[in-house]
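Chains as they are written, first to last, in this note's numbering: chain A, 1 to 362; chain B, 1 to 362.
Copies of the same chain look alike in the list, so a pair counts if it fits in one copy or across any two.
Simulated pairs of lysine-lysine, DSS-like, Cα-Cα distance not exceeding 30 Å: (1) LYS55 / LYS74; (2) LYS126 / LYS74; (3) LYS242 / LYS126; (4) LYS209 / LYS223.
I should point out that these hints are in silico values taken from the structure, not numbers from a laboratory.
Number of protein chains: 2
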Amino acid sequence: MLVQKKITPFSQPFTVESGFVFTQPEVAYEEYGTPNGPVILLCHGGLSSCHAAGKYAETDPQAGWWDGLVGPGKVFDTDRFRILAINALGSSFGSTGPTSIDPATGCRFGPTFPTLTLRDQVRFIKAFLDHMDIARVHIMAGPSMGSLHTLQMAAMYPKTVGAAVAVATAGRMTASGMGMHHFIANALRDDPNFAGGWYEPGKPLYSMKVVWQNIRLYYTSEKIYQQMCFDTIPHAPGSQQKRSDAVRGFLTLGMEAAVANFDPNAMIASVDAINTHDLGEGFATYEEGVRRIQCPLLLLNIDTDQEFPPRCAQEIAHILNAERPGQATAHIIESAWGHLGCVLETQQLSRQIAVWMTAHKL
Amino acid sequence: MLVQKKITPFSQPFTVESGFVFTQPEVAYEEYGTPNGPVILLCHGGLSSCHAAGKYAETDPQAGWWDGLVGPGKVFDTDRFRILAINALGSSFGSTGPTSIDPATGCRFGPTFPTLTLRDQVRFIKAFLDHMDIARVHIMAGPSMGSLHTLQMAAMYPKTVGAAVAVATAGRMTASGMGMHHFIANALRDDPNFAGGWYEPGKPLYSMKVVWQNIRLYYTSEKIYQQMCFDTIPHAPGSQQKRSDAVRGFLTLGMEAAVANFDPNAMIASVDAINTHDLGEGFATYEEGVRRIQCPLLLLNIDTDQEFPPRCAQEIAHILNAERPGQATAHIIESAWGHLGCVLETQQLSRQIAVWMTAHKL
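Here chain A stands alone, though its shape is the one from the complex:
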């Protein structure tokens, strides 16, 4: 499937919770499938983009991050649905973010980009739907940060979301996930070449390698290291050295390409926004905030995920089903991939989503 990234300006300014006004906001998105079909809206993970499926060119080495779920005959069937994938506000992949030009100065926003909340990002998604004249989405879905956007959207705009799939998710940010996010922000900000956020564009910071390797440690699990780098190398003279070499390669896999693509200010903007996630914010209890979600909800967490352990999904299902039995389905995916299972375990995800869609006549 060959796809295109589109970038469109909003016709209205966009104001965030801090009071900052984006006078010329832009949104990047991709669109697949059947133009008149029911809309499926996809949101991406914290370090990703709106490139959810397909390839930009036949020669691309990799397809989009949920390509296993999106396409003809796949669970998000392009022969049946109109599928939109949106890039988050604050990202560096096309929507307005720290690498965008600030119309007030003619320079990049850089570190002057305002602090966002996760709710700001969700209101930006709603503004995109308004801009596209879409009053209701059939299903909204996403992994990781995209799952937080999905839950928050279903809570803030219950009439807009017909059904929701949240993969590797939580109703409020976990403390361990905040730990990883502060690690990322501290590593980048303390880098001697960060220069207060005015680092040289296009020259990856040393700290980006540190962040990348830590993502490969924290967002996976010890089981995948064992499977990929230990069990594959049988006992023999020098086998530990070979395992160690395999581990070093696995730890840094994809690093050079990744650090060339990410913008540190955008990474900080994303993790700061995610840290604010709390469905209960503004409500007397967390449960009251969660209960704003009224649509059928599928929650898929991964057993080895350290950021969003299984209990995070089960907690939401428990709150919703106590009031409306059967509204929420929580299923725990078994995977050695940890948090990254949210984009790597596409077979298991497809199966669970298909069963749930059939059960709810979606």
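Please build the complex by placing chain B on the supplied structure of chain A, with the hints as guidance.
Positioned in the frame of chain A, the structure of chain B alone reads:
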């Protein structure tokens, strides 16, 4: 208990597997308890020192790393035993290491310090015992790297070790642990100010902060972040921000003092040595190498440890008990602290060690 660190030169040169000869090796150690009692030998974790118990001065904010286990009336009872704690070869806390002066040049070894294996470190411990005229230790024990030294010592010198306690341990280095170690070595070596290992002494590298924070993420567990920084702050307006602030504090706790104390070259020497750990090296099978251990062995791993999961302890016990039923006891400690439970869960450790010592008349 007030204690002293002692540093003593060996009377003999010490040669490592790579062929390098230390012409004037020195060893740092501490000694507690009853001079004529049976000897308990303690080995430290990878980032620690021989300061196992007591304080150097009443005003010290913290006692040694196993102070909960060592003292009058404690499980390693100073009224009964002669207790020796040794600093590993390659450390920066007194024994010969990268910060020592190379007698051949009059300068610090720095990055010219030879690559060590874990077996080198164990032969260094044996040389220390020979130097002290100790033919047999009653019990050898240690957490983390110290547990690897303990197992390897019991395997290489079965007549020297009367009984052994390995806390947070494995018979061969795990792939996930190697991942963390490569992360540490890469982060330090890639630091713009590492200067090929000739960084300015006494001026902590930026990367040391990165390493410290990653230790606080990887060697703990998501459960402790939840307990310390989330469950303690009840839902209220702005509670997620308070939790986020608590997490940032927890992540960087002790960082400034720690980075001032560690030497990056020594840290690399330690993690490189640990990565070579494999009781099976040189034997037809891993099991054959493990079966060299002949003494009673207590293995205590922690349920949330990502470096040495419970299966690592159970595997060793299984191999030994298949041949000599009852030789090994594996017990899994429940703790939210992850790997760091090996020095923090002293009450549970004391209880398990006491039961085991009684059962084996130690």
